[in-house]
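Visitor: So the sequence lines, in the order shown, correspond to chains A and B. Using UniProt numbering, the letters of the first sequence map in sequence onto residues 1 to 216. Using UniProt numbering, the letters of the second sequence map in sequence onto residues 1 to 272.
Rather than coming from a laboratory, the hints here were simulated on the basis of the structure. One should not assume that every hint holds.
In silico lysine-lysine, DSBU-like type, Cα no more than 35 Å apart, as pairs [what the hints assert, rightly or not]:
id: 1; chain 1: A; residue 1: 143; chain 2: B; residue 2: 173
id: 2; chain 1: A; residue 1: 180; chain 2: A; residue 2: 143
id: 3; chain 1: B; residue 1: 23; chain 2: B; residue 2: 67
id: 4; chain 1: B; residue 1: 173; chain 2: A; residue 2: 180
id: 5; chain 1: A; residue 1: 138; chain 2: B; residue 2: 168
id: 6; chain 1: B; residue 1: 197; chain 2: B; residue 2: 23
id: 7; chain 1: B; residue 1: 197; chain 2: B; residue 2: 31
id: 8; chain 1: B; residue 1: 168; chain 2: B; residue 2: 67
id: 9; chain 1: B; residue 1: 48; chain 2: B; residue 2: 168
id: 10; chain 1: B; residue 1: 48; chain 2: B; residue 2: 31
id: 11; chain 1: B; residue 1: 197; chain 2: B; residue 2: 24
id: 12; chain 1: A; residue 1: 180; chain 2: A; residue 2: 138
id: 13; chain 1: B; residue 1: 173; chain 2: A; residue 2: 138
id: 14; chain 1: B; residue 1: 24; chain 2: B; residue 2: 67
id: 15; chain 1: A; residue 1: 180; chain 2: A; residue 2: 34
id: 16; chain 1: B; residue 1: 67; chain 2: A; residue 2: 143
id: 17; chain 1: A; residue 1: 143; chain 2: A; residue 2: 34
id: 18; chain 1: B; residue 1: 197; chain 2: B; residue 2: 173
id: 19; chain 1: A; residue 1: 34; chain 2: B; residue 2: 173
id: 20; chain 1: A; residue 1: 143; chain 2: B; residue 2: 168
id: 21; chain 1: A; residue 1: 143; chain 2: B; residue 2: 24
id: 22; chain 1: A; residue 1: 34; chain 2: A; residue 2: 138
id: 23; chain 1: B; residue 1: 173; chain 2: B; residue 2: 67
id: 24; chain 1: B; residue 1: 48; chain 2: B; residue 2: 67
id: 25; chain 1: B; residue 1: 67; chain 2: A; residue 2: 180
id: 26; chain 1: B; residue 1: 67; chain 2: B; residue 2: 31
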Amino acid sequence: MTDFIQTAPGRTLENVAQDHYIPAEAPFSAVIRKSQTIRIEDTYGQQAVDTLFYNAEDFSERYSNQDTMREQGAAYISTGTRIISNEGRVMLTMTADSCGRHDTSAGACSCESNTVRFGHQTRYLHACRDNFVLEVSKHGMSKRDIVPNINFFMNVPIEPSGEMTIVDGISGPGDYVELKAEMDILLVISNCPQINNPCNGFDPTPIRVLVWDSEI
Amino acid sequence: MTRVRRSPQDIAANRARYEEHQKKGLEYAPKALPGTSPLPAPEIAPDKIIHREVIPGGWYWSTHINKHEVFRVSLDSGFSTLSLIAWSAAETSERLNLPDTMKVQWTTVLGKGRVIFSDMGRVMFSVTEDSSGAHDGVVGGSTSGSNAARYGEGTRNTRDNLILLATKAGLDKRDIPPALALFAPVRVDRNGAFAWKPELLHEGDYVELRAEMDMIVGFSNCPHALNPDTVYRPNPVTVTRIAATEPRSGDLCRTATAEAVRGFENNARAAV
Ligand SMILES: [Zn+2]
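Please put together the full structure from these sequences, using the hints given.
Guide: This is the structure we're talking about:
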């Protein structure tokens, strides 16, 4: 755990609208109102935070990794990135990032893909896509609503040769991203349970999600 | 929820296992793969052709394909980019998954010898022939916005085409996965920026995709959003559906990588 880092003069732990502790490996969701700011904090460092966004008014509008990458002209997510929906609209804007690089091309781990990547013996290990299914089902959605996500704090360099591999995360304790909502958003997180690759340093840890109102 | 953090011994053992996988994935497969298929594409025996569809520039098409049948997608009428999505015919919530396809094979370059995965860890297609190696699984199809920015208003785009074909297949826009763009020479530079590499494409390029399960497949023939041509001029693309042949033992796509082997084991288990 690290101390609170103040990114805007008015933003304190006393005036947060929402403050959530998300245990290691657990799912989470919350509604974020337009113009609120979300902070996702990698409390202990080196923890991949698999994240999806839906339009809170119409869940058929949701995060699109391909549209987001095309709009940025780049494969990675950082400060200034506009988070784009499948309808081509800006859902959120990334306003701060103490880490520097986040993945959106590798998607979430699943029990099924784990068998292919790491062997059939990993079939019965908890995985992000199960977290996502459990969490979106609370909102009337199902597996078909799960799309490729953002992996905050996960380091997946793509080489000019095409080589793509998950390597050690570069985030340290207390690293954070901040995103300003441009519409009412359903935020869905899987605090990744993956222990077969270095996205969590092979040891998943808790994270924190804070939300502030627009005037702060 | 209380849990004990993993011990340094557990972490070290998991790291060693990952590094072994990574080394195999990065070093073994590229050596085992044969490179691109020679041109021109060989003739297809007429009695093997189930159907031939020439998709006009700007348009879409969807069809069924059965296990072990093959799609040959060919640029017989000049350059174009054809976007592809697919659903399992038996269970349409199982669908093309490009992040899994790329990460489990340790590469964004999907050429001859590679396979294309569903979100359920099963193989949907084997890439049995491919003359270009220039396909894009990262950025995918165009949208009304990306077309308007490049060409102005009024041109057909892949996002709308996929909504149309999904809807006509009884599905809806919630069912549309990110698309694989065939004949889109996209690479990623060291800073993560995208580059368009037209030198990777050749006249008459083709790719053959062997179906590894029964599927509904959709195609959209629209210029790729990163294609720098400022004139909207997609050419027709020919899709030929070829009769099934049983893969031989030692089939390249089924044996080239440990990941593909395990994917096909998942296909076999699903059939039980
Ligand atoms: Zn995960």
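Visitor: Now look at each hint and say whether the structure bears it out.
Guide: Now for the hints, and whether the structure bears them out:
no.	hint	verdict
1	143(A) x 173(B)	14 Å, holds
2	180(A) x 143(A)	27 Å, holds
3	23(B) x 67(B)	32 Å, holds
4	173(B) x 180(A)	26 Å, holds
5	138(A) x 168(B)	29 Å, holds
6	197(B) x 23(B)	28 Å, holds
7	197(B) x 31(B)	23 Å, holds
8	168(B) x 67(B)	22 Å, holds
9	48(B) x 168(B)	28 Å, holds
10	48(B) x 31(B)	32 Å, holds
11	197(B) x 24(B)	28 Å, holds
12	180(A) x 138(A)	24 Å, holds
13	173(B) x 138(A)	21 Å, holds
14	24(B) x 67(B)	29 Å, holds
15	180(A) x 34(A)	8 Å, holds
16	67(B) x 143(A)	24 Å, holds
17	143(A) x 34(A)	26 Å, holds
18	197(B) x 173(B)	31 Å, holds
19	34(A) x 173(B)	24 Å, holds
20	143(A) x 168(B)	21 Å, holds
21	143(A) x 24(B)	32 Å, holds
22	34(A) x 138(A)	22 Å, holds
23	173(B) x 67(B)	26 Å, holds
24	48(B) x 67(B)	15 Å, holds
25	67(B) x 180(A)	46 Å, violated
26	67(B) x 31(B)	28 Å, holds
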